[in-house]
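Undergrad: So the chains spell out like this:
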Amino acid sequence: MDEEYDVIVLGTGLKECIISGLLSVDGLKVLHMDRNDYYGGESTSLNLTKLWKRFKGNETAPEHLGVSKEYNVDMVPKFMMANGALVRVLIHTSVTKYLNFKAVDGSFVYNNGKIHKVPATDVEALKSNLMGLFEKRRARKFFIYVQDYEEDDPKSHEGLDLHKVTTREVISKYGLEDDTVDFIGHALALHRDDNYLDEPAIDTVKRMKLYAESLARFQGGSPYIYPLYGLAELPQAFARLSAVYGGTYMLNKAECKVEFDENGKAYGVTSEGETAKCKKVVCDPSYLPDKVKKVGRVARAICIMKHPIPDTKDSHSVQIILPKKQLKRKSDMYVFCCSYAHNVAPKGKFIAFVSTEAEADKPEIELKPGIDLLGPVEETFFDIYDRYEPTNTADEDNCFVTNSYDATTHFETTVKDVLALYSKITGKELDLSVDLNAASAAESEAA
Amino acid sequence: MAGTRRAEEEYDYLFKVVLIGDSGVGKSNLLSRFTRNEFCLESKSTIGVEFATRTLHVEGKIIKAQIWDTAGQERYRAITSAYYRGALGAVLVYDVSKPTTFDNISRWLKELRDHADANIRIMLVGNKTDLKHLRAVATDDAHKFAEAEGLSYIETSALEATNVEEAFQLILGDIYRAISKKPVASDEGGAGAAGGVKEGKTINVAAGDANSEKKQCCST
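So the sequences go chain by chain: R and V.
Here the first sequence stands for residues 1 to 447, where the numbers follow the numbering used here.
Here the second sequence stands for residues 1 to 220, where the numbers follow the numbering used here.
Source of the hints: derived by calculation from the structure; they are not laboratory data.
Computed from a predicted structure; not experimentally measured.
Some but not every residue of chain V turned toward chain R, in silico, with C-beta under 7 Å: (1) Ala71; (2) Gly72; (3) Gln73; (4) Tyr76; (5) Ala78; (6) Thr80; (7) Ala82; (8) Thr202; (9) Ile203; (10) Val205.
With a straight-line cut-off of 25 Å between C-alpha atoms, the simulated SDA-like cross-links for lysine to any residue are: (11) V:Lys181 <-> R:Glu70; (12) R:Lys347 <-> V:Lys181; (13) V:Lys61 <-> V:Ser180; (14) R:Lys69 <-> V:Arg113; (15) R:Lys69 <-> V:Arg77; (16) V:Lys110 <-> R:Pro346; (17) R:Lys325 <-> R:Asp372; (18) R:Lys29 <-> V:Tyr76; (19) R:Lys253 <-> V:Ser23; (20) R:Lys50 <-> V:Arg107; (21) R:Lys141 <-> R:Asp152; (22) V:Lys110 <-> R:Met250; (23) V:Lys181 <-> R:Pro346; (24) R:Lys306 <-> V:Asp117; (25) R:Lys50 <-> V:Leu109; (26) R:Lys50 <-> V:Arg113; (27) R:Lys277 <-> V:Tyr76; (28) V:Lys110 <-> R:Ala254; (29) R:Lys209 <-> R:Gly175; (30) R:Lys50 <-> V:Tyr76; (31) R:Lys50 <-> V:His115; (32) R:Lys29 <-> V:Arg75; (33) V:Lys110 <-> R:Leu251; (34) R:Lys69 <-> V:Leu109; (35) R:Lys349 <-> V:Arg113; (36) R:Lys69 <-> V:Ser106; (37) R:Lys349 <-> V:Ala118; (38) R:Lys279 <-> V:Arg75; (39) R:Lys50 <-> V:Asp117; (40) V:Lys181 <-> R:Val67.
The beta-carbon is built from N, C-alpha and C at its ideal position, and this holds for glycine as well.
Bound-form chain V, shown alone:
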C-alpha cells in the first residue's frame, strides 16, 4: 500500500482486511477490541473510525493487519467499491441475537463477489454471544451455511473479548496460507494488494500522512 513505511516497525506482510455486515452488529467494537483492547458501549453508528492496524505473529511470520471499518456507509447500503480494493480478507459479521443480520449475509457475500478480488479470504463471525438469553441464530445453522459457502466461521463477543483474538488469527492465518501457496512477487513490506500494482510504481502524493488514525471515544 502506498504510504506504508517499513521504518515504523518490521513486518513480513501487510494484509488489508475489511469488515462488512449490517449496521449495529458490532463491527467497530470488534475492531477496537482487537487493535486497542477497547469497547464502546454507545450504540451510535460508526463515525470517526477509519482503519486500524496491529502487528502480530501468524505461523512464524510477522503480519501487520490493516483492518478497515465501513465509516457507517453500510447503513443504507452505500459502501464504496473502493473500500474493497486490495483487500486480502473480509470479516462478515452478524449479530447472533438478530436473525435479519444473519439472513443478510447472503447479500454481503454477493457484494464481496461483485467488488472484491476473487481470491479474497472470507470469515463469517457471529458476534454478541454475551447475549445468551437472546440468541436467535443457532451455531449449527451458521456453521452449515459457512461450510456450504466455503467460509471460515467463529463466534465472538466483542463486549466480553471472547474469541476476538482467535477470530483475527483465523482470518490472517487463512490469508497467509493462501498467499503461501502461490508464487507471488512480494512488494516491499509484504504481499501487495490483490491483483497488485503492475508496470511502474505508485507514487506517494502526501508523504508522512500515513497512519493518522482517529481515536475511539472510550475504553474499558
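Chain R on its own, in the form it takes in the complex:
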C-alpha cells in the first residue's frame, strides 16, 4: 500500500464507485478502500444476518424468514428511471454487461385514502379515477404540450419561455385543478415538495418528459427498472469496471485516515500503519466528518412480508408516492417494494420500504401512513439517518466529498452529484447524450 496514486477513493457507495470507474477509464491510477468487508457503504444491500446485526444487535434472525444470503435488502431503496441519467452512465461505461434488470411492475399514487395506479397508457388515463372527465381533457392538452415541447424548436413553445415563466403560470394557462397539479408535480415530475410551482417551468417539463420516455422505453407497467439481486450490484459493477482499468481495491481497511500537509492539503491516506500517497481524495461524508455539515434526516422503515402490497394487483415490484398534501407534511413519503422476483428475498417474500425526509423524531409514528398501506408485516426495522453535504473547498484541500443519499425514489439526483464531482475532479464534462440514441439504434437493429 505504500505507493502513489492519482486519486484515493474512500467508501464503496454507488457515487464513489461510479467516480472510481470513470477515473480509471480515464487512465488515472486509482486506489479504492472501504472500512467495511462489503461493497456499497451506506447504499449497500444486506443479507439477513447483516440486517439483523445492524438493527437488532446480537440476536439471531428467526428461521421462518429463510436463508440469509437470499436476502439483498437495500439500505437506500431507489428505482432507476429507465431513460434516466444512471442508465446513460451504465451504457456509456458498458457496465450493463455485469448486470441484469427487470422493469418495475407498477407506480401508484396515494389520493384521498386510496392508492391509484399512475396511468401508464392513454387507456389507463381515461379509466383512472384520479381526474374527472372534463379535467382529463384539460390535462390531455397540457400533456400534449409537454410531449411536443422541444427546446430547439420555438414553434413548440407556443409563446411561453419556460426558462422564465413559472410552473404555476403554465399550469394556470391550462386551467388545471389543484389535485391534478399535485398529481403531475409529485407522481410524474417526482418533486418532493412544492417549491417547483414558483420556479421556472422548464425543470418540471423536463421531468415529465423523462417520465414519459422512461415509461415508453421498456413498455413495462412503470417508468422504472431495477437490478436483480438488489442495488448493491450497481457499485460492485462500477468497481469491477475500475478494476478492469487498473483500479486497486481493498476492503476491510479499518481507520482510513486522510493525511494533510502543513498547507491543509490532502496528500495521502493511512490505514493499518501504511500510507498511500495521492494527489486527490474522494470520499463519502463518513470519512471526513469535519468537512461536512448536516442538512437533513431521512426516516425509513424496512419491512419483510409474505404478500404483495394490497391493491397493487399482485405486483412484485411497485412504487407508491404519498404526496405531502395528502399527509399534511412538508415532504412526500415513498413506499418502495421489491421481492423474490428480483432475487432480493427468498421465494414468496417481499421487502417493502417506507421513507421520507424526517420531520419528527419517531419514525414509527411519522411513517405510519405508508406502513398502513402494506398489510400484515412479518418484521419491521426503523431508522433515521442524517444527510450531509460537504463544506470544504476542494481547491484548498484536494478533498472531494460526496453528498449523502436523499429520500427520492430514483437516482437522478445521485448521478447529478456524481457528474458534478467528476467535473470538479477532472475539469471536464462527461457527455452522455449520444449513447442512449446509439443503444436504441442498436436495439432497433437487433429487433
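With chain R's structure known, arrange chain V on it following the hints.
TA: For chain V alone, coordinates are given in the frame of chain R:
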C-alpha cells in the same frame, strides 16, 4: 444471461464459470490459454481482463463457456459478491510452487460457500507444473484435500498448455452432469443462472453491448 444472443452461434447451454485463487497463480493465463491459446509472460496483476467465451462439445452437447476473471480484485481480497452471481462452476487455482497459495484454498472455498450458489461445481487446479524443480505442493496432498472437500482436481501448466483443455472439459462436464440430473426449465440459450430469473423477464438495457471483450497483451 441478459444480452446473450442466440444469433451469434448455436449452442445448447451457456455456463458461467468463475476463476478464483490468490494473485499470481496464473488464473488469467489459464483463461487466455483456454479461450485464445495465448500465454503472457509479463507477471502483472490482472488488468483489462473481463471474461472470455469459448464454445465446445461436452458429452454431445454444444456448451458455450463464459469464463470470468477477477480483474485483479482478489489481490487485496476485494472480489465483489456480484462476481459469483449465476456462476455454475468455479475454478480454484493455486500455484504448485507456492505452498501459501494452496493453504489459502480453504479461505477461497469459504468465500464460495458464502457467496455462490450452493450447487456450484468446484474444481481445484494446481497450476505451473512446468516449474518441476520448484514444486512445493505434492500432488497427493492436493488430491486428498480435493477428495475431502468434494472437489474435482487436476494439475496444469498454462505456460506449456498442459492439461488446460482437460481442466475446462472437466469442470464443464461436472456442470453438465449436475444440471442434467435435475429437472430445470431452460431459458433460451441454455440453463439460466443458478437460482434463475423468476417471474417476469430481464430486460436488455444496452442492446448490442454484449461480448465486447478486451484484447490480451501478447500471444505465443
